[in-house]
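*Asks:* Protein chains in written order, with my numbering: chain A, 1 to 99; chain B, 1 to 241; chain C, 1 to 333.
A couple of the hints might just be wrong.
[To be verified] Here are the computed lysine-lysine pairs in the DSS-like style, where the Cα-Cα straight-line distance is at most 25 Å: (1) 82/A to 51/C; (2) 20/A to 82/A; (3) 269/C to 257/C; (4) 82/C to 51/C; (5) 82/A to 269/C.
Worth flagging that the hints you see were computed from the coordinates, not collected in a lab.
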Amino acid sequence: MSRNDTTQEWPLWEVFVRPKAGLDHKHCGSLHAPDAPMALQLAREVYTRRQEGCSIWVVPSSQITASDPGDKDMYFDPMEDKVYRHPTFYVLPEAVDHM
Amino acid sequence: MTSTMTSSSTTATPPGPALAVGLAAGVSGASRGPGRSVTLSGSREAHWVLRLGDTCLIHAQRLSEWCGHGPILEEDIALANLSLDLLGQARALLSHAGQLDGQGLDEDQLAFLRDERDYLNLSLVEQPLRRSSAHAPGGDFADVQVRNLLLAVWLRLHWQALASSSDAELAAIADPAERETTFQTMVDRMYEHGKGLSVATHFEIDDVIDPIDTRSWITSIISAWARPDRRGKKRPNIDTW
Amino acid sequence: MYTQAMDTAPKEERKAVRSLEEAELERRFDAKIDEGGFIEAKDWMPEHYRKTLVRQISQHAHSEIVGMLPEANWVTRAPTLKRKTILLAKIQDEAGHGLYLYSAAETLGTSRDELLAALHSGKAKYSSIFNYPTLTWADVGVIGWLVDGAAIMNQVPLTRCSYAPYARAMVRICREESFHQRQGFDALNVMMREGTPEQRAMVQDATNRWWWPSLMMFGPPDGESVHGAQSARWGIKRISNDDLRQKFIDATVEQAKVLGVSLPDPDLKWNEARGHHDFGPIDWSEFWRVVGGDGPCNRERLGARVKAWDDGAWVREAALAHARKQATAKEAA
């Protein structure tokens, strides 16, 4: 996974939507956007097409710290605290970045 | 099997005949047969509403040509949203114009069956939104954004004025329409900020507006939109019924 | 349905020697599947399971995106404003479904750009049905009726797929899908009930052209689907190609009667003993030809997607350049 493949890609954002006041924000998926304002705008276009007046949170996927139950004790996962394994979540030094 | 898929027209055909191809090719929902044109009664009110409605309709038509061809999936969805909003506004306006016109014409008869000179849209929206051309083989997404921005500001001024219209139906249409137009202006503004900074590399926006005027055009449009007008001043005189 | 050409992909060699840990992980994984449990993004999974899902989910996503094109062909020419609105909303839904699916695929360690590169190079496939042309307005209705009908049949079982991000995307998609088939059927119903003889003939002609390709959407017969057995074992494929195809035929025969169109298969008839409709032989050579790239519209469809991507490069780059400039300015402040 060479760095060249992903530096021109719009970063990945996770989207959370609260459909109306009183409810929780719910994770509904991800999208690609160049920055936070665009991520919010596009989240509204893409994930709330049928709902007015909802609250949207967007977070760069790489910024989420995650803990998942599972087989952690059994094997080493370099992406242990990431929300999932995505090629853009770790930027490796150029010297070793030719996987 | 030979491919006979036909692609949608992106040349500057007058709006009436282009829309009416579908009518001839598909089902005639109108009580008059396909191909028989309708004429407006001459009502001033209807004329004014159609200027707005036809502009929304034709711009929606042009934007729908980009469906499936946008620079990134998220933007394809956004453009389709915009087109749907405008189509909804157009339908409401055309229906209302039909009532004001007084001959019992419905939205489809007005949309499909007028002679070309009876369409009252701004000529800006008829111009093709090219997906590529000889001078811009990479496509004219810049055209889309600049046109969206100019129209969104123009429409927003109209909707703001109409919100206090004595015509209750127009006022009712104005509220959600203004919200959507405001949103779209923000999206376009974002693209324009990005474009303005890389205009030296790309020369796209300069092909649309004279290069000397580019910066002042954008600045004046954005500041005209952004200026709040909330101190009880009288609005400029726009006829609202 | 979205695993076309996976049978022709190079076979993965299983590692001859596995560690004890890996064997235990796989045992736990199999047990979870057998209990009907879900696999989430960070759970251990066999590499082949992961690769299979990346392929299937991304090809499903590509199908949604490419599938926009035959319908977009008619959105500028829909016969009424209401039909135009409905069709544009449907196409937009399909774009959204593509997005949900790319999102799900990205949880498996790939990126959207990598998936698109595979599509644009021809390595990854999309459902063969979208390589056929939409010649008349009736085609739009028939696509809603038959093509979306077939897709729904496939999608409902996928809501119970073992890989949870895919299953969740499918739940969202199925919720939105309900109006797609209805709008197609309704458009055809109007044409059949209120249309002229020419318009009714148009519906029949469209049905004749789309029927067999719709049956091919479900993929090759079970006996020839080498891939199917493993996918079933892993809870990815819950119902076989042939079973889904049969379900679709049985449901659609009744719908065709309501519409008043005939289906272009002289061998189609109810078999009381089986409790299903018998049907005629499918021309699988056409299927493989189209999957292989030689259908009526393959080159146009892929060409349109590649062009949109290439033409849009400057937009994506400009937006990214602007974002980075803003970020740098912010840090400096």
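*Asks:* Give a verdict on every hint.
*Replies:* Evaluation of the provided hints:
1. 82/A to 51/C: At roughly 20 Å apart (the allowed maximum being 25 Å), residue 51/C and residue 82/A satisfy the hint.
2. 20/A to 82/A: Violated, because 29 Å separates the two Cα atoms, which is more than 25 Å.
3. 269/C to 257/C: With Cα atoms ~13 Å apart, residue 269/C and residue 257/C stay inside 25 Å; holds.
4. 82/C to 51/C: violated, 43 Å
5. 82/A to 269/C: Judged against 25 Å, a Cα distance of about 55 Å means the pair is violated.
In terms of the numbered hints stated before, the structure departs from hints 2, 4, 5, listed from lowest to highest.
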